[in-house]
Structure formats: C-alpha cells, structure tokens
Amino acid sequence: MGFGEFLQGAGRQVVTGGKAYKAWVAVLVAMIGIGLVGYSRQWNQGLLATNMRDQVTWAFYIGNFTFLVGVAAAAVLLVVPAYVYHWKPIKEVVVLGELLAISALIMCMMFILVDMGRPDRLTHIMPGPGSPNWPQSMLSWDAMVLNIYLILNLVVVVHILYRAYRGRDYAKAFVVPLVLFSIPAAVGIHTVTAFLYAGMAARPYWNAGILAPKFIASAFCSGPAVMIILFQILRKTTAIEIKDEAIWKVAELMAYAMFFNLFLLGAEIFKEYYSHTEHLLYTQYLWQGIGNNRALVPYAWFSLTCSVAAFLIFVVKKTRMNWKTLNLGCVLIFSGVYIEKGMGLVIPGMTPDTLGEIYEYRPSAVEWMVAIGVFGLGALVFTTLVNVAVPIMMGTLRAKGAPVEIPGAGH
Amino acid sequence: MSDRNRLPVIQDETAGCGADSPSRRDFLRTAAAGAVIAAVSGCKPDAVVEELQRRHLTELSPARLQEMLGKLEKKWSAQYGKAVTVGARPPMPGVNFGYGLDLSRCIGCRRCVYACVKENNQSRKNPQIQWIRVLQMDKEHGVALNHATPYYDPEKVPEPGHFYMPVQCQQCRHPPCTKVCPVKATWKDPDGIVVIDYDWCIGCRCCTAACPYGARKFNWAEPNLPAAEMNPVTDYLGNRPRPMGVVEKCTFCLQRSRSGRYPACVEICPVGARKFGNLLDPESEIRQVMERKRVFIFKEELATEPQFYYFYAT
Chain U
1 MGFGEFLQGA GRQVVTGGKA YKAWVAVLVA MIGIGLVGYS RQWNQGLLAT NMRDQVTWAF
61 YIGNFTFLVG VAAAAVLLVV PAYVYHWKPI KEVVVLGELL AISALIMCMM FILVDMGRPD
121 RLTHIMPGPG SPNWPQSMLS WDAMVLNIYL ILNLVVVVHI LYRAYRGRDY AKAFVVPLVL
181 FSIPAAVGIH TVTAFLYAGM AARPYWNAGI LAPKFIASAF CSGPAVMIIL FQILRKTTAI
241 EIKDEAIWKV AELMAYAMFF NLFLLGAEIF KEYYSHTEHL LYTQYLWQGI GNNRALVPYA
301 WFSLTCSVAA FLIFVVKKTR MNWKTLNLGC VLIFSGVYIE KGMGLVIPGM TPDTLGEIYE
361 YRPSAVEWMV AIGVFGLGAL VFTTLVNVAV PIMMGTLRAK GAPVEIPGAG H
Chain R
1 MSDRNRLPVI QDETAGCGAD SPSRRDFLRT AAAGAVIAAV SGCKPDAVVE ELQRRHLTEL
61 SPARLQEMLG KLEKKWSAQY GKAVTVGARP PMPGVNFGYG LDLSRCIGCR RCVYACVKEN
121 NQSRKNPQIQ WIRVLQMDKE HGVALNHATP YYDPEKVPEP GHFYMPVQCQ QCRHPPCTKV
181 CPVKATWKDP DGIVVIDYDW CIGCRCCTAA CPYGARKFNW AEPNLPAAEM NPVTDYLGNR
241 PRPMGVVEKC TFCLQRSRSG RYPACVEICP VGARKFGNLL DPESEIRQVM ERKRVFIFKE
301 ELATEPQFYY FYAT
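Order-wise, the sequence lines are chains U and R. Letter by letter, the first sequence follows residues 1 to 411 of the numbering used here. Letter by letter, the second sequence follows residues 1 to 314 of the numbering used here.
To be clear, the hints were calculated from the coordinates, so they are not data collected in a lab. Where is the CB? At the ideal position from N, CA and C, for every residue including glycine. Mixed in with the good hints there might be a few duds.
Said to hold, decoys possible - Derived coverage of chain R by chain U (criterion: at least 3 residues anywhere in the stretch with Cβ under 8 Å from a Cβ of chain U; other residues may be distant): (1) 120-134; (2) 148-161; (3) 174-180; (4) 214-222.
Could you put the whole structure together from the sequences, leaning on the hints where they help?
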C-alpha cells in the first residue's frame, strides 16, 4: 500500500459524485470536444484559421494566457491574508488555492501551445534538447518560471493530500518553506509575464514601467473572485468550515487592489491624453476608437463600468457583507479584469501596427472554439481535483485502516 | 557577435566535428519518442525522428550540415521538378552590409516588392507574403506613420502630393527581434544580416511583436509557391522554401549578396533609388552616399541602429 494505491483511490474518487457533479463534468467534456474540433481545423489550415494576421500577431489566445497567469498567481497569494488573519482553515485555503493555480497554469500552457505556429517544435525551448535563449528572452524565462511554479504547487498539494489520505499530518519542515517560496514565485510569474510585454520598445502601449504593478494589482482582483465563489459552494456542499469573516476580508482586500488598479489606469490615461504624443493613438483606439475602427470601445467601457461597480460593492461594508451583492461583485470584477487584462491589453498594443496600419481584430469562430475547449479542460481539471481533495481533507476519503482524525493536525 | 551564433563554415572540416554525434542511447530514446509521436499524429516516423534529433544549427558539424542540405535539395528538386540547390553561404570576412534608400527618387512603383517575392520564394497567395512594404505618405506631413498607407492603387505613380517610403528589415545593430526569440532561432551574422533558421523557429511570434518596422512576416498557412515560379538557387538561411507556421523576412538577398551580387530589389529599381554595399569599404556605393549626402535612420529614438539608411539625394 503506497503511492499507487493513493492514485487508485483518487482515481475512483474522480468518477464518484452526485448527479450535479456528473452533469457538470459532461458539460466540460462537451466544451473540450468543441475545442478539439476547432483545433483540428486550425491544425490543418494553420493559424490562418484565426483572425490574427501580421498586423495583430498576438490576440485572443495570448490575452487569455495573460489573464490566467494572474489567476494562477493570485490564488496562492491568498495564503498571505489567510496566515496574517489567522483563518481557521488555512490548510484548506492553501490546498484550494494551489489547485486553482494548477488548473490556471494548465490553461496558460494550453493557450501558449495553441498559439504556436510549430507546436511540434516545443522541445526547442527546453534546456537539453533545445536552446532556450537565456537570459535575454522573456518568453524563455516565462516558460521556466511557469513550469517551476506548476511543479511547486503540484508537489505541495500531492504531499499534503497523500499524507492526509494515509491519516498522517503533512511534513511541516517540507511544506512550510515551499509554501513560503511559492508566494514570491507567484509574484514572479506575473512579473515576468508583464516584462514580456513591457520590454518591447516597438509597442509604446506596453512599453511602460507601470505594467508589472498593474498586473499584480488586477490579479489580486480576479483570482480571489474565483476563490470567494468556490468557498461558498464548498461550504454548502461539503463539511468544510469557512468563516464569513474570512470571505468578507478577502472582498475588502479586493476593493483595495481594485482601487490601486484603477489608480494606475487613471495615471496612464492622464499621461497619454495630457502629453498627447504619437503614442496616444493606442489608448485612443481602446477608449474612443480611431475613425470607424471602434471594435474595442464598447468592451473597454463595459470593463471599466464593471471594475468601478465592483470596487464600490466591495468597499461599502453593507454590500460587501450581503451575499447577493458580494457575488455580483465577484462576477463584475472577474469580467472587468478579464477584458482589461486580455483583449484590452493585447489588441491596443498592436493597433495601429508598427507602420501605422489599423487592422481591426475580432476572434474567429475557430479561436472561440479553441478557447472554449481550453477553459473546459481547465475547469475539468479543477473540478476533479477539488472533488478528490475535499473528501480527503474532510477525512471521508482514507486509505484502508488509516485514521480519520489526523494526529496533531491542530492549526 | 560570438562564434556560437555563426553558421558553421562548410569547408572547415576541423571546426565542431563530432559535436553532434549522438550516443546510441540518445538515439534510441529519441527514436522511441519519435515512434510514439508518429503513431499519434499520423506523420512518417522517419521525419519525426529526424525532427527530434535535430540540434541547433550552430551545434551541427559541417559534415552533418552538408548532409542536411543534401536532403533538402533532393526533397525540393523532386517537389518542384527542377534542380534546386541549397547553399549555406557563410558571411564574407571584412564585409558589413549597408543599404541606402533615396526617398527623393522612389516613385512607389513597387517593382522592388515583386522582384523580392520572385527572388525569395515567398508565398504567392492565401496569404500573399511580401518582405517590402511601400508606404505612401503625404508631402505636407513628411515621414509620419499616422498619415501613411501601403494600400494605394492609382493608374500612375507617383501621385501628386505624395512621396513613398519602402520599409523592409533594417538589419539593426541592436535587433529587438533576436533578443526576444525564446529558442535562438534568429541571430545577427557578422556581415550585419539578421537571419532566421526556419527549421528551428517555433512560431511564437515574439519577434514579430518586437520588431518596430513590421519587417517580420509569419506563414499563417502552408506557403503557396507554384513550381514554375520557384527560384531554384537558394540558401538555407535565405530564400529556400519555408514551412507553415514560421517567421520570415528580408535577408538582403544573402543568397546573392554573399556571392558578391546585388539584392534583387536594388537590381530592379527603375530609378536607382536603392544603394547597397560594404560599410567597411570607403569606396563602396553606400559609403559614398553617406559621405556626400545626409542619411537618417528610421525610428532612431528606439536605438536599434539600423544598417539601412534613408536619404534625400536631391
């Protein structure tokens, strides 16, 4: 009886669940199917099946990637307030945060993979068979830190769950340093991803020092939004105890993060409009459009409205502590940041292009299908992981003969 | 540029020999992985094993490189029905190429664009790839990108009130594109030419995003190169046929220039607006232009320091 048995037990748990669970999994599998259909079309036709062209050479896929790096980073950063405010289920917060991070990272890597012209040459970026361009290329750094972060989270989660499955507490000397390391690593993955953009002098819209702090601020909004909704679902459907105060505290922190994010946005907009240089064009394309080219304008204002409304909801105590408005706020903040960090970041960076041409990009049907598939896969990974992790943490899923109560597992 | 980033010189048998002779174990492991991938993707196992065994160009021994070029020649000769040669011309010692473009002479006829397409085996349609982009600009605004368009189509050029600015790879001394490449698939050779190994590029398009001149073009689909129009005199880093999903760009026609010939665009220009030569030779055409006229570089504020100079001769 060892690790193999643990994997078997986990495997059995993956397919164990009520009707709602199975229906949800079926929906996700269908989404993955849509993605596969889309990707097979792209595989045959090349990236011509997308609406990306030489003028707008990165778009929907890379936007989703960027947004999800933020989700992956922020999920783990929740460990900080959990620790500082002495929440009772700190171990659960760590495990759930890391599961979300793992799922988000898998989606990140899938979005990079589907964006590549030659996914068959993936080995070229690996040390050993390939030739990673360190230290110059930010993308080779990004590939490295994302993989390290993924492995880090996997190791911690698997260790905690495996030990619990065997009725033993996790090894503190092993887990605590790794969790502490994962906090700067979370900031690191998002900073490197910001540098990928900020380092490009050819794209004035990205080439700003403010980009990395803005990435971190907006990540602190989108990642916890998912966690708040998840905490509430788990409280209802399982025996996990998460205090109201903990959730409200997260919402309050999100309000501060959103304030900072909006402040940075305002600072950027002031600089662009007041100095009114040739660089204003990109900001103008996002917020006002250039001539008849206004594809992004409604989304930009929708995103800003969502973000401001969510900020107000989270900053006012009464609405923060009302479950209906709180959840509305989570949806608003998630949508606001999704547009801002995805299409709102990538597309104006490339419109107009470096020779002044305006190509109005909108995702093609294939891009939508592939993205639906990737989100389906990520959600499926997350759902099944949570479905395995929760009963182990609650003591209902144990190896044969292992004690339900973990000795010495006080927090 | 360091030696590492140079194409191996074929004549020199001593350099780097055996550097890529893989051990038997390595080979077996790659072969096994190749078989699995081949089974899954439905590709030919040989091709997949070869792809996986490939090492970075600078790690290839001259013998191995020669063998690889031979295979490509055979493949393309059969595919296009003519004797295709694939060279790997090394940069010439003592040469650093410079290009001059006379904005006062250019009439915007785009003959350079099409001569380039023909010489360099670009995809002809779906999508059409062009390495030179001629921008029509307004005389009243001067060189201003927000008043420029590549889509002009009058009966006759030049049109009154306009002037023309062709843009292609500027062969920067500090190329932002090579810096961002995650796999070292693109680098600057000692003769100034920024080259791409199309068989190493992973198609991430970081370089296209980083290039301030829109010079890098991506093969969004399988390139469409009719056999009858295929130029059979090619170079591995230059105009040889490219696969789908990789980036390409102007190389100053290195298959010509490294053999002492003019790039196709220089040769075709009907008004003599294009000048080319060795920056290290004071008697060269480009140095004469720099001596007698006043040259400027495009987007000098980005400190890319192009080896491509614009000037007004009259």
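Open item on the list: Just to make sure I understand the rule, a stretch counts as covered if three or more of its residues have a C-beta closer than 8 Å to a C-beta of the chain. Does the region 174-180 of chain R meet that for chain U?
Closed with: holds (count 3)
TODO: Given that the region 120-134 of chain R was listed as covered by chain U, double-check it with a C-beta distance under 8 Å for 3 or more residues.
DONE: holds (count 3)
TODO: Can you take a look at whether the region 214-222 of chain R is actually covered by chain U? Rule is 3+ residues, C-beta closer than 8 Å.
DONE: Per the Cβ count (8), the hint holds.
TODO: Apply the coverage criterion to the region 148-161 of chain R and chain U: a residue qualifies when its Cβ sits closer than 8 Å to a Cβ of the chain, and three qualifying residues are needed.
DONE: holds (count 3)
No hint from the list above goes unmet by this structure.
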